[in-house]
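Novice: Note that the protein sequences, when read in sequence, are chains A and B. The opening residue of the first sequence carries number 1 in full-length UniProt numbering; numbering runs sequentially from there. The opening residue of the second sequence carries number 1 in full-length UniProt numbering; numbering runs sequentially from there.
By construction, these hints were calculated from the structure, which means they are not laboratory data. Certain hints may be false.
As the list makes no split between identical chains, a pair holds if one copy fits it or if it spans any two.
No farther apart than 27 angstroms at their CA atoms in a straight line, the calculated lysine-lysine pairs in the DSSO-like style are these [what the hints assert, rightly or not]:
| id | residue 1 | residue 2 |
| --- | --- | --- |
| 1 | Lys15 | Lys47 |
| 2 | Lys15 | Lys119 |
| 3 | Lys380 | Lys47 |
| 4 | Lys313 | Lys380 |
| 5 | Lys6 | Lys202 |
| 6 | Lys31 | Lys199 |
| 7 | Lys6 | Lys182 |
| 8 | Lys119 | Lys182 |
| 9 | Lys32 | Lys182 |
| 10 | Lys202 | Lys28 |
| 11 | Lys149 | Lys28 |
| 12 | Lys6 | Lys420 |
| 13 | Lys420 | Lys15 |
2 protein chains.
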Amino acid sequence: MMQKDKNVILADSIKRLLRRGATKSLQKIIKKTHAADLSLVFRELSKNNRLKMFNLMTDPEQKGVLLSELEESIFLELIAQLDLKVIVEIFENMAADDVVELLGYLEEELADAILEKMKNEDSLEVEHLMSYGEDTAGSIMVPDFIAIKENMGASDVISALQNDYADVEMPFYIYVVDEYGKLVGVCSLRQLVVVHPQKPLKEFMATDIVSVNTYTDREDVAEIVARYDYLAVPVVDDDNRLVGIVTVDDVIDIISEEATVDILKMAGVGEDYIETQTIFRGTRIRLPWLFTSFLGGLAAFFIIGGFEASLEKYAYLAAFIPVIMGMGGNIGTQSSTIVVRGIATGRINTRDLWSVVSKELAIGIILGLVYGLFIGVVAKIRFFSEPLSLQLSISVCLAVISSMSVAALVGSLVPMLFEKVNIDPAVATGPFVTTSVDIVSVYCYFMIATLLLGI
Amino acid sequence: MMQKDKNVILADSIKRLLRRGATKSLQKIIKKTHAADLSLVFRELSKNNRLKMFNLMTDPEQKGVLLSELEESIFLELIAQLDLKVIVEIFENMAADDVVELLGYLEEELADAILEKMKNEDSLEVEHLMSYGEDTAGSIMVPDFIAIKENMGASDVISALQNDYADVEMPFYIYVVDEYGKLVGVCSLRQLVVVHPQKPLKEFMATDIVSVNTYTDREDVAEIVARYDYLAVPVVDDDNRLVGIVTVDDVIDIISEEATVDILKMAGVGEDYIETQTIFRGTRIRLPWLFTSFLGGLAAFFIIGGFEASLEKYAYLAAFIPVIMGMGGNIGTQSSTIVVRGIATGRINTRDLWSVVSKELAIGIILGLVYGLFIGVVAKIRFFSEPLSLQLSISVCLAVISSMSVAALVGSLVPMLFEKVNIDPAVATGPFVTTSVDIVSVYCYFMIATLLLGI
């Protein structure tokens, strides 16, 4: 049975049991269901039923995973219904990096109150992670790593693993440190069992180890883990001392989130847009992003207004506005999307600015020629009997060519330049490129037409 | 030093050494550089230099990783320069699932020739994976899993791991099977060392194990691994026999690729677009996607043509076309992007069709009112002295409201409906939504204006 169908069935039976008030059965289901699946069910429940379900949960660890998996808006709504004591107990049972993430969603006052009530050792760890900047390796690393001195022999390492590190859930890698705690190598479980038991780590460990710094951006961390197929990457401080690891499950979340953020930015919806937000918040977030488009529309309005004389003489000039704007807008979106995604995935390097942009421009000119001729022919046929039909169709053809060429040029150049000066290229795209292309297209069209038609 | 900068320096020194023909130094660099890093350098080299570098590589395993990491176009160019014998040797040293992927890029004839020359045991494994459909769990699974009978005691399991499974690079999980090879449980390394040495697996293994089928879609596989933070997910056949695992490093690639494909589809660039393609291929791929936009432009052309009388009387009606189309187009893109990405990340369920669509519609109406009033006021001010300026500004205002409402409705409804009937919602978006919104906007505008202005 598909995972999706399974969750639909789960949600349906939980809803049925909630209606019947079948507490015992609900508790049984909760116990045997992964919190990640419960979070999907929570989406479909009412505010009251969510609280009911949450109160039926007994394992603070399961509650913690659930909170981490919930969407921000549902999480905030639920937290507001909970006692501070309950929240504190859950947070104390969570991994520090997850606590940091959740605290980030809360009002500062509430976050401080929670930290204050948490056991000292737990809150110190959280505050330590919070001291690293947002979106850095430091803020997402976990301390569950295995670090062993380089002089230890293979068989001693194995017994250390069984004794000192028995609580490390998944021994991704065995990191090797020198006497100062500096990272010097790495070795796998497999190597430990195949070498001579007395052989010290430093004689068989791998020394070409890739690490990140506490302040490395999380996107770069994700990129490294993905490139080398790592399960975890070690995080070191400025003195190369091992202070944590970032694990692959967090990297998966980062990659998916960053892709979503890029997509939303390109569509001009900001980066915080979450589907479950209220109509009011949704409107407020989207309103300013449409303002660029509004200004662009106004600019086009005044440009066309300036050609009123041409329009009064040849009213059908207006009929070509949509196709010229549409073709320019669409090829501009193509170009900017290819470039933005290419930069995000590392396939496009800003050092190749001119080769990328000139290729896009070439494609824009070719496609402009193709569609320009199409549309020119349509214009010629439609206005066959009119006196200046040839001039008109040539104007339209040239307008499409210039609109599509400019769009491909702007669409690829703008995100490349933004990336060069460290502005997020995804923001540059969408409304910005489309709007500027609209303005240029309309202007070129009326200029060319006015000249050729001799108005 | 940042990873990115490191690779720039690496590329520069390799280029310098290639110019100097410093074979020895190049070989040294190759030996100590990860193939994933070399693949980044390859992007910046000429065709000839790529071949030179490749021939300097001596480790067939490193060559295999490099080939897997190269972009399709560079891979194909390089393969065309290699002897069949060389290719076969590399493929024999690669994991079967990677071979399947690379063979998929090649012409059938060449792929068959390679398979024929490969050692029987290697080619059989590859052909076995190829027998599962493309993009299924079966085609991406690897056979490097640990499967142990449920009656074995903990200490025997540990010695089996050290002897029989010493070549499993990363013992993600220990899967437990019954006497027929059916998957019955899973246990972690950590559990093995903490339980009594004689305790049989079946008494302490976890039995609530999530598995996928050989024909499960790879996107669903990725979703499961991401949701439960797994390092690998077991793949079973129809009889629940364990036949392979899909590991988290492949899942990362899937998530990143699927996001790219979605982004490119939404921008109307197809799903195969790769930045390094030639201008000719790039043009050919993008040409048909622009055709929808072309047809939409033609439709708008004929619609506006039908209102030629109105335009001849009120030429400045044309000046509002861009702003009305632009506002509709942009909010339509917002809505469809939110819905498409929401479906992809599982945040939006098609069961909630009406609540999602009605929310988008509500947002569309509110934003339409806001911007409609803005634009109406601008129109009133601009044409203050004209006789019908009030009617004109009301027409423009109503046109913006209807355009933005329709756009939000179409933008959210179309991808939801497509998903319901199993058409990829990402394809539905982009050109399709934009174009239909353009046509509707233009039509509504001229209808309203003609009515209100009494033409």
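Novice: Give the relationship of Lys202 and Lys28 under a CA distance limit of 27 angstroms: within one copy only, between copies only, both, or neither.
Specialist: Close across copies (22 angstroms), not inside one copy (51 angstroms); limit 27 angstroms.
Novice: Checking Lys6 and Lys202: alpha-carbon separation at most 27 angstroms within a copy, between copies, both or neither?
Specialist: Result: close only across copies, 26 angstroms inter versus 49 angstroms intra.
Novice: When no copy is named, should Lys6 and Lys420 be tagged within, between, both, or neither for a Cα gap of at most 27 angstroms?
Specialist: Classified as between; 17 angstroms across copies, 47 angstroms inside a copy.
Novice: Is it within, between, both or neither when you check Lys149 against Lys28 at 27 angstroms Cα-Cα?
Specialist: neither (46 angstroms within a copy, 29 angstroms between copies)
Novice: Have a look at Lys15 and Lys119 and pick one of within, between, both or neither, based on CA distance no larger than 27 angstroms.
Specialist: For Lys15 and Lys119, neither the intra-copy (36 angstroms) nor the inter-copy (56 angstroms) Cα distance is at most 27 angstroms.
Novice: Is it within a copy, between copies, both, or neither that the alpha carbon of Lys15 lies no farther than 27 angstroms from that of Lys47?
Specialist: Within one copy only: 13 angstroms inside, 62 angstroms across.
Novice: At most 27 angstroms between alpha carbons: which applies to Lys420 and Lys15, within, between, both or neither?
Specialist: between (52 angstroms within a copy, 23 angstroms between copies)
Novice: If the cutoff is 27 angstroms on CA atoms, where do Lys32 and Lys182 land: within, between, both or neither? Let me know, please.
Specialist: between (43 angstroms within a copy, 22 angstroms between copies)
Novice: From the Cα coordinates, with 27 angstroms as the cut-off, is the pair Lys6 and Lys182 best called within, between, both, or neither?
Specialist: between (48 angstroms within a copy, 21 angstroms between copies)
Novice: Reference check for the pair Lys380 and Lys47, CA-CA at most 27 angstroms: within, between, both, or neither?
Specialist: neither (62 angstroms within a copy, 46 angstroms between copies)
Novice: Tell me, please, which holds for Lys313 and Lys380 at an alpha-carbon limit of 27 angstroms: within, between, both or neither?
Specialist: both (18 angstroms within a copy, 24 angstroms between copies)
Novice: When no copy is specified for Lys31 and Lys199, does a C-alpha distance of 27 angstroms or less occur within a copy, between copies, both, or neither?
Specialist: between (46 angstroms within a copy, 25 angstroms between copies)
Hint compliance for this structure: hints 2, 3, 8, 11 are broken, all remaining hints hold.
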